[in-house]
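Enquirer: The residues making up each chain are set out below.
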Amino acid sequence: MSTLVQILSPDFLLRDALVGSVLVGLVCPLVGVYFVLRRMIFLGVALPQLSAAGIAFSFLAYRVFVGPHEHGGLSERALGMFGSFGFTLAGIVVLSFFERAGRETVEARIGVTYAVAAALTILFLAADPHGDAQMVNLLKGDILATTSASLDVLTAVLGAVVLVLFAFRKEFLLVSFDRDLAVVFGKNAGLWDLLLYLAIGVTISLGVTTAGPLVTFGFLVVPPLTARLVTRHMLAFSLTAAALGAASAFAGFYLAFRFDLPLGPAEVAFASLVLLVVGTGRALRNAMRRVPAA
Amino acid sequence: MPDVLLALEDVTLGYDSRPVLQHLTFTVERGEFLALLGPNGAGKTTLLRGVLGLIPVLAGRVTYGFDRQASPPGYVPQRDALDPIFPLSAHEVVLMGTYARLGPLRATGRVQKRRAAAALDQVGLASIAHEPFWSLSGGQKQRVLIGRALAAEPLLLVLDEPTAGVDPGAAAAIMDVIMRLNRDDGLTVVLVTHQLRLARPLVRSVIWVDDGGATKGPTDVMLSPERIIDVFGALAAGG
Chain P
16 MSTLVQILSP
26 DFLLRDALVG
36 SVLVGLVCPL
46 VGVYFVLRRM
56 IFLGVALPQL
66 SAAGIAFSFL
76 AYRVFVGPHE
86 HGGLSERALG
96 MFGSFGFTLA
106 GIVVLSFFER
116 AGRETVEARI
126 GVTYAVAAAL
136 TILFLAADPH
146 GDAQMVNLLK
156 GDILATTSAS
166 LDVLTAVLGA
176 VVLVLFAFRK
186 EFLLVSFDRD
196 LAVVFGKNAG
206 LWDLLLYLAI
216 GVTISLGVTT
226 AGPLVTFGFL
236 VVPPLTARLV
246 TRHMLAFSLT
256 AAALGAASAF
266 AGFYLAFRFD
276 LPLGPAEVAF
286 ASLVLLVVGT
296 GRALRNAMRR
306 VPAA
Chain E
25 MPDVLLALED
35 VTLGYDSRPV
45 LQHLTFTVER
55 GEFLALLGPN
65 GAGKTTLLRG
75 VLGLIPVLAG
85 RVTYGFDRQA
95 SPPGYVPQRD
105 ALDPIFPLSA
115 HEVVLMGTYA
125 RLGPLRATGR
135 VQKRRAAAAL
145 DQVGLASIAH
155 EPFWSLSGGQ
165 KQRVLIGRAL
175 AAEPLLLVLD
185 EPTAGVDPGA
195 AAAIMDVIMR
205 LNRDDGLTVV
215 LVTHQLRLAR
225 PLVRSVIWVD
235 DGGATKGPTD
245 VMLSPERIID
255 VFGALAAGG
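First to last, the sequence lines map onto chains P and E.
The working numbering puts the first sequence at residues 16 to 309.
The working numbering puts the second sequence at residues 25 to 263.
Hints were generated in silico from the structure; no laboratory data involved.
Every residue gets a Cβ at the ideal spot worked out from N, C-alpha and C, and that includes glycine.
It is possible that part of the hints are untrue.
Cβ-Cβ distance ranges computed for the label pairs, FRET-style [stated by the list, open to error]:
(1) T120(P) with P43(E): 39 to 45 Å
(2) V172(P) with E177(E): 49 to 55 Å
(3) R54(P) with L126(E): 22 to 28 Å
(4) I22(P) with R92(E): 55 to 61 Å
No farther apart than 27 Å at their CA atoms in a straight line, the calculated lysine-lysine pairs in the DSSO-like style are these [as the list claims (entries may be wrong)]:
(5) K240(E) with K185(P)
(6) K185(P) with K202(P)
(7) K240(E) with K202(P)
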């Protein structure tokens, strides 16, 4: 109890990190519901890796064309964010183009993307040994290093993503559920897809530079999968996924702080535990319903 | 002169610049009930998608006798084209039809919800409005999709094999709904179907799609026993 009081105190030393964690836990699932509904879950693995490659590339490009960069500052985070966003968005656009063209299988496209992104990340890091240590920290997602300035950026950008997702939810639902109908209705389906991808790209980039690829992937996928098991309407699905993500981030933070565990894995493990419990409960309930009354 | 709702003039349709159907010239009149028939793979769905603007017209011209922006066609896809993973009730699916007339940043309000409820009532499914869409039977799903098309308040209703894969009773109920919409509400209907026996007594004209082209004519001529035997064999003519 005293740990909880300490964490909730306004003077808590890691307050920015806590708020950053909860923000990522809140917004990633809102984007993740479209990954689940569009059956793009494995893209949730490939895109954070692509984002990591973008971070490594931005540092390498800066060193080659401008000069050595200052480590640990907000400018470094902004540089990483820029590279991450560029690679993520380009990846989504290219993958969706191939999806529309219907070439190869989804698994093949995502598998190749993951392999290429992982290889590029290592190659970019190898070519920029000066920034290696700091970049590794950034790629791991050093959320404990969140500052009030970076928290302001995170709040503003993720706030904008939430606004876009809710303001245009009927358009995003229509192009996701029945793209042909959207076209028949004269909607610019390509434009709505692009706006959704933009929101996904921004969220993944910020998630990866704030919390790392593991946490980002975990929160993109696990809370929406849990919410899908317990909701029957779209709005309830989105809100439940976001609430589960934020609660898991908070609980994971508490456990990491209380038992001195690594933060990201603690958050994802807690969210996964919730999925396991809800999934098991649902399976048991279904099994009991199938048993005929004596 | 008849009131033409849709006109194709020497149209070529296909994919990746490869023509599937060529030299298509016909009109659809207001209030008409028209079936697109033909063997599997002949290009019926290609023609349907071309009429709806879902694939580009490679040559020729498609013109509409109505404002497509103000009153887009009601489109009923095959229900299997829609993913059951979406957590939507029957009412929410039908509500999507009202998006046709709603711009960005305009939320669905009481007017749209009333319109959706009325459309669901038109297809006889008001009682299952709050049931999950994925839990409905094939025939009910198809009628919900017809309701969604009606919620757009269309002048032209286009259906892609609405009775495919449903039991005979459900197929008859679906055809009954479509027939009433045409007869009582004057809605122009174009449907792709394989079920000649169900369609024959209802449709007034037929477009026969085969050999890279399409021919339109009255039902009794296009579905004469001689023609059916010619295309499908004696068994089909008997059924």
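Enquirer: Which numbered hints are broken by the structure, listed smallest first?
Expert: 1, 2, 5, 7
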